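Student: The residues making up each chain are set out below.
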Amino acid sequence: MSRVLVPCHVKGTVALQVGDVRTSQGRPGVLVIDVTFPSVAPFELQEITFKNYYTAFLSIRVRQYTSMHTPVKWVTCLRDYCLMPDPHSEEGAQEYVSLFKHQMLCDMSRVLELRLILRQPSPLWLSFTVEELQIYQQGPKSPSMTFPKWLSHPVPCEQPAPHLEGLPNPSSVSSEVQQMWALTEMVRASHTSTKIGRFDVDGCYDLNLLSYT
Amino acid sequence: MLQEESDLSLTIAQIVQKLKGSNLYAQLERQAWGSWEKRILKSLNSMCTELSIPLARKRPVGEQKELLNKWNEMGTDEPDLSLFRPVYAPKDFLEVLINLRNPNYENGDSLSFRTHLGLIQVPLKVKDIPELKEFFVELGLTTGQLGIDDSTQVPPELFENEHVRIGQKVLVEQDSAAAQQYIRQGSPTALRAELWALILNISSQPEDILYYEQLKTNVIQHDLLVDSLIYKDVKLTASNDDYYFVFEDYLYQVLLCFSRDTSVLAHFAYNSASPPKSYIRGKLGMEEYAVFYPPNGVIPFHGFSMYVAPLCFLYHEPSRLYQMFREMYVRFFFRLHSISSHPSGIVSLCLLFETLLQTYLPQLFYHLREIGAQPLRISFKWMVRAFSGYLATDQLLLLWDRILGYNSLEILPVLAAAVFAFRAVNLMEVTSLAAAEAVLADLSTLKVMPLLQIFLFATVT
Numbered sequence: 001m002s003r004v005l006v007p008c009h010v011k012g013t014v015a016l017q018v019g020d021v022r023t024s025q026g027r028p029g030v031l032v033i034d035v036t037f038p039s040v041a042p043f044e045l046q047e048i049t050f051k052n053y054y055t056a057f058l059s060i061r062v063r064q065y066t067s068m069h070t071p072v073k074w075v076t077c078l079r080d081y082c083l084m085p086d087p088h089s090e091e092g093a094q095e096y097v098s099l100f101k102h103q104m105l106c107d108m109s110r111v112l113e114l115r116l117i118l119r120q121p122s123p124l125w126l127s128f129t130v131e132e133l134q135i136y137q138q139g140p141k142s143p144s145m146t147f148p149k150w151l152s153h154p155v156p157c158e159q160p161a162p163h164l165e166g167l168p169n170p171s172s173v174s175s176e177v178q179q180m181w182a183l184t185e186m187v188r189a190s191h192t193s194t195k196i197g198r199f200d201v202d203g204c205y206d207l208n209l210l211s212y213t
Numbered sequence: 214m215l216q217e218e219s220d221l222s223l224t225i226a227q228i229v230q231k232l233k234g235s236n237l238y239a240q241l242e243r244q245a246w247g248s249w250e251k252r253i254l255k256s257l258n259s260m261c262t263e264l265s266i267p268l269a270r271k272r273p274v275g276e277q278k279e280l281l282n283k284w285n286e287m288g289t290d291e292p293d294l295s296l297f298r299p300v301y302a303p304k305d306f307l308e309v310l311i312n313l314r315n316p317n318y319e320n321g322d323s324l325s326f327r328t329h330l331g332l333i334q335v336p337l338k339v340k341d342i343p344e345l346k347e348f349f350v351e352l353g354l355t356t357g358q359l360g361i362d363d364s365t366q367v368p369p370e371l372f373e374n375e376h377v378r379i380g381q382k383v384l385v386e387q388d389s390a391a392a393q394q395y396i397r398q399g400s401p402t403a404l405r406a407e408l409w410a411l412i413l414n415i416s417s418q419p420e421d422i423l424y425y426e427q428l429k430t431n432v433i434q435h436d437l438l439v440d441s442l443i444y445k446d447v448k449l450t451a452s453n454d455d456y457y458f459v460f461e462d463y464l465y466q467v468l469l470c471f472s473r474d475t476s477v478l479a480h481f482a483y484n485s486a487s488p489p490k491s492y493i494r495g496k497l498g499m500e501e502y503a504v505f506y507p508p509n510g511v512i513p514f515h516g517f518s519m520y521v522a523p524l525c526f527l528y529h530e531p532s533r534l535y536q537m538f539r540e541m542y543v544r545f546f547f548r549l550h551s552i553s554s555h556p557s558g559i560v561s562l563c564l565l566f567e568t569l570l571q572t573y574l575p576q577l578f579y580h581l582r583e584i585g586a587q588p589l590r591i592s593f594k595w596m597v598r599a600f601s602g603y604l605a606t607d608q609l610l611l612l613w614d615r616i617l618g619y620n621s622l623e624i625l626p627v628l629a630a631a632v633f634a635f636r637a638v639n640l641m642e643v644t645s646l647a648a649a650e651a652v653l654a655d656l657s658t659l660k661v662m663p664l665l666q667i668f669l670f671a672t673v674t
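Chains as they are written, first to last, in this note's numbering: chain A, 1 to 213; chain B, 214 to 674.
One should not assume that every hint holds.
Claimed, not checked - Residues on chain A that point at chain B, a partial pick, calculated with CB under 8 Å:
no.	residue
1	Gln46
2	Tyr54
3	Asp86
4	Ser89
5	Glu90
6	Asp206
7	Leu209
Stated by the list, open to error - Simulated crosslink set (SDA-like; lysine to any residue; CA at most 25 Å straight-line):
no.	chain 1	residue 1	chain 2	residue 2
8	B	Lys340	A	Asp86
9	B	Lys346	A	Asp86
10	B	Lys338	B	Trp249
11	B	Lys340	A	Tyr53
12	B	Lys496	A	Tyr53
Treat the hints as calculated values from the structure; they're not laboratory data.
Computed from a prediction, not measured in an experiment: that's the story for all the values here.
The beta-carbon is built from N, C-alpha and C at its ideal position, and this holds for glycine as well.
All chains should be built: construct the whole structure from the sequences, respecting the hints.
Tutor: Right, here's the structure in full:
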């Protein structure tokens, strides 16, 4: 299924913290990233990709367009998705992640705005975020294949041709041809794929010193 | 058709095996590895210029003939190797690992619940003893083991005879997965060579023998600087070892060919290292004249030949020995001298060792740390060589049985910790790093399987 990148505006991360940011000792464990789509009409979300950077859990809330004049509200479409199985260790900390429409808890057909809530409960990491965030909507459907008429509507079997004088039996000929074909296939298949692997260039291996780049 | 299918599935099985769990963390690895690689290249280049020896040269015809004649006895050669020095030794590599830091990690002065008291400062996830017990469940007290239940006091009807019979059946069926499961309990000596070949999917086809002969021709035609490093390494390590000196000639035949084998370059797809590059003289910067040096991309370090030596007990046909070594290298041994976050990578193994010791022998760990003898400084060389040259050969082969059976090198740090646990009483009395080294200098009398079993399954925590 093809996908099309949706241009989005990623607002700066906002840290949620209890108490005064200046005086408290610890680092925030919750960050919120707002993603808006200023120049795009409400679209159907297909996929979200990003590169993780030490975020342990991800929740996503979405605000969708409704045709009726009800106030638009936030709905959680992904709850506490685990990116790092052990928040204190490196596993999963810098991986590339893809999230798809079918993983979401609600319908994503008319997305107006997204809000990513990042959580990292471990005090060991200095910072955490997600990078290279990209949102995709569904691309145009691939053009439907039109089969040639004779494939989709096979002609019924014709009557067998009349037996001609002096010619060999067609079924025995066809079985012999098939056997020969099978033999050629076997010969072709037994061709070894082992490479010889030359390391020199035209017989010459006279080298400069090793390069540092 | 069937042959094609089984060849294809063989290749796929090998590829899947190698790609499993190869996580590479960009920031951590590439910076550290990049500067380390540069150091190695500089060392090699300076050796080249100081000694005025080219990195590679084509041998004149007379020299080629001479080498061909003494191909089977290269050990009798006594070239002057005094000016050569190994590019690096395991302890240099340990210094690099010690200095690995994650810039995003809180490395503050205050002690927290996750302060690393050992040498490795990278927070990789390692297994603890409950997880190891589950992983190595076949090593448990209620399962028969070769290395324990085949000792002379135990009547063979209890375990050994049946185990040998099952092993023969596995070989008849040529079932690779069953062989891998079977070998977790150890391999009978008579069946070991066949079993290892079955597990690694090595079958000696005519094209493999041809390939080896081609490599031999490459050795005869071109002389590489790396060859002298290999000679020096063999003379320094394997030739001095009571068990392995008889195989000196085999080691040259394998390692010299290994250096010229470009198919080894394929393993760099899942290794964070990259092979050193150079250009044909006079064509600097032109990509069509770019080549790798050595052709297989692997620069040997001090002790490298010890990866091959134990295999010489099992395989006597040079091309088969070569194939087995190459497969063992690209599956396991390369992880012991390259930086990655793989659970079997050397960084994880070191961290696993230190964590096990710290958690289950805290007094010993604290004592050694206080006297300036960080345990990893002693056990690192064991793990980098997969204990080759430190254990008696029959014990080493039992250990490598389990490496193949579990497809993981994690048994190495577990054994290292078990050795420390075994000699804990003596170690508690030492007062310096040198004395601690002396206590742990000789491992040749140790029995590997009882140590592992006691440490994992019978220690009261």
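Student: If a hint holds in the structure, say so; if it doesn't, say that too.
Tutor: Right, here's what the structure says about each hint:
Restraint check, A/Gln46 versus chain B: the minimum CB separation of about 27 Å is more than 8 Å; hint violated. Against a cut-off of 8 Å between C-beta atoms, the interface hint on A/Tyr54 holds, since the closest Cβ of chain B lies about 6 Å away. Hint status for A/Asp86: holds, given a least beta-carbon distance of 5 Å to chain B, under 8 Å. Against a cut-off of 8 Å between C-beta atoms, the interface hint on A/Ser89 holds, since the closest Cβ of chain B lies about 4 Å away.
Satisfaction of the interface hint for A/Glu90 is found here, the shortest Cβ-Cβ separation to chain B being roughly 5 Å, below the 8 Å cut-off. For A/Asp206, the shortest C-beta to C-beta distance to chain B is roughly 5 Å, which falls under 8 Å, so the interface hint holds. Checking A/Leu209 against chain B by beta carbon gives a least distance of about 5 Å; that is within 8 Å, so the hint holds. For the given pair, B/Lys340 sits about 12 Å from A/Asp86 by alpha-carbon distance, which is consistent with the 25 Å threshold.
The hinted pair formed by B/Lys346 and A/Asp86 meets the criterion: a straight-line CA distance of about 20 Å does not exceed 25 Å. Note on B/Lys338 and B/Trp249: the hinted pairing holds, with a Cα-Cα distance of about 24 Å set against a maximum of 25 Å. Between B/Lys340 and A/Tyr53 the alpha-carbon distance is near 23 Å, which keeps this suggested pair within the 25 Å criterion. The straight-line distance between the Cα atoms of B/Lys496 and A/Tyr53 is roughly 42 Å, outside the 25 Å bound, and the hint therefore fails.
In this structure, the earlier hints numbered 1 and 12 are contradicted, and the remaining ones agree with it.
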